[in-house]
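Colleague: Make a model of the complete structure from these sequences and hints.
Counting from 1, position 169 in the sequence shown corresponds to residue 169 in full-length UniProt numbering; the numbering is continuous, with no gaps.
Please keep in mind that the hints were generated in silico from the structure rather than gathered at the bench. Be aware that one or more of the hints could be misleading.
[Unchecked claim] The following label-pair restraints were derived from C-beta to C-beta distances:
# : residue 1 : residue 2 : range
1 : E60       : A94       : 31 to 39 angstroms
2 : E252      : G173      : 16 to 24 angstroms
3 : D194      : Q214      : 25 to 33 angstroms
4 : E60       : G226      : 34 to 42 angstroms
5 : A94       : A50       : 13 to 21 angstroms
Even for Gly, the Cβ is constructed at its ideal location relative to N, Cα and C.
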Amino acid sequence: MEEKDTSLSSSPPLAAQLPPSADDDIGSSNNYDYVCYRCSKPDPTLACAACKVARYCSKECQKRDWSCKNGGGYHKLNCPFMKSLTREGKIDEAEKRNVVNTVVRKCKLYLSPFFVYNVIQASKASAGSDSDADTPTAGYFVFLQSPDTIIMHGMPGQGRRDHLGPTLPSRSGSRQVMLKFMKYEETKELVKDDFELSSLLPSLLASVSPGERQEKIPLLVRFRCGFVGVADAEIALGWDTCERLGWEGNDEVLFNIDDV
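Modeller: Okay, structure coming up:
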């Protein structure tokens with residue numbers, strides 16, 4: 001059982017920037033050259049023997065990047081995850097699910113009051129009353145999106161780093177997550193031009209059973225690289241506490257997940 005953190009702040013870490021535009025294909029090997037993981041020199045000729053993904057221009061850069069102290073690059077921590085990557089930046093489905101679960105776990109203490117508060121407000125509005133009424137969560141979910149790739153979110157530590165090399169100027173800043181509270185009736189417009197998203201709707205509708213509706217949050221997940229999926233998160237801290245911690249007037253929140 002998870003230990004409840006009662007020191008939760010009522011607002012998330014604010015994002016430093018909006019997500020990039022839709023044509024900014026972050027993480028595509030077609031748009032970025034491979035660079036040395038330590039100094040960013042182009043066309044590195046050496047590769048880590050363990051993961052065969054991290055690349056270096058010299059043995060000295062490789063040695064410094066391996067270290068977890070004195071300004072090292074922490075590749076010692078990154079290497080196990082990178083073993084699951086190909087040189088083209090692909091990971092298997094099981095590892096993708098692990099990354100999604102990690103992102104959801106990081107968000108949960110902000111996601112929970114966000115969802116509960118918006119469910120209560122939406123229920124009151126649909127009932128046409130401000131009175132405290134029953135607040136069934138059926139018909140509501142959170143659309144969790146990120147302008148970063150699933151590989152970037154899988155990397156240990158902080159910052160936007162992937163199989164291509166270290167953080168580049170065009171990919172600077174913290175990894176970000178956007179939470180958008182939605183009603184199922186709004187999904188028609190959301191998925192009308194997206195076959196993959198539309199194919200997930202049955203799973204989204206079935207992701208939380210009637211008996212779990214005040215215990216779990218249905219999630220539709222999408223990353224910049226095109227990955228889409230369905231997940232759920234337990235409501236942390238309990239329904240009543242989340243109601244008190246809710247943010248008035250926010251049905252959409254963008255924040256830096258590296259600050260969580």
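Colleague: Are the hints correct? Go through all of them and say.
Modeller: Now the hints, each set against the structure:
1. E60 to A94: 31 to 39 angstroms: Given about 36 angstroms between the Cβ atoms, the range holds.
2. E252 to G173: 16 to 24 angstroms: Holds, at about 19 angstroms.
3. D194 to Q214: 25 to 33 angstroms: holds, 30 angstroms
4. E60 to G226: 34 to 42 angstroms: holds, 37 angstroms
5. A94 to A50: 13 to 21 angstroms: holds, 20 angstroms
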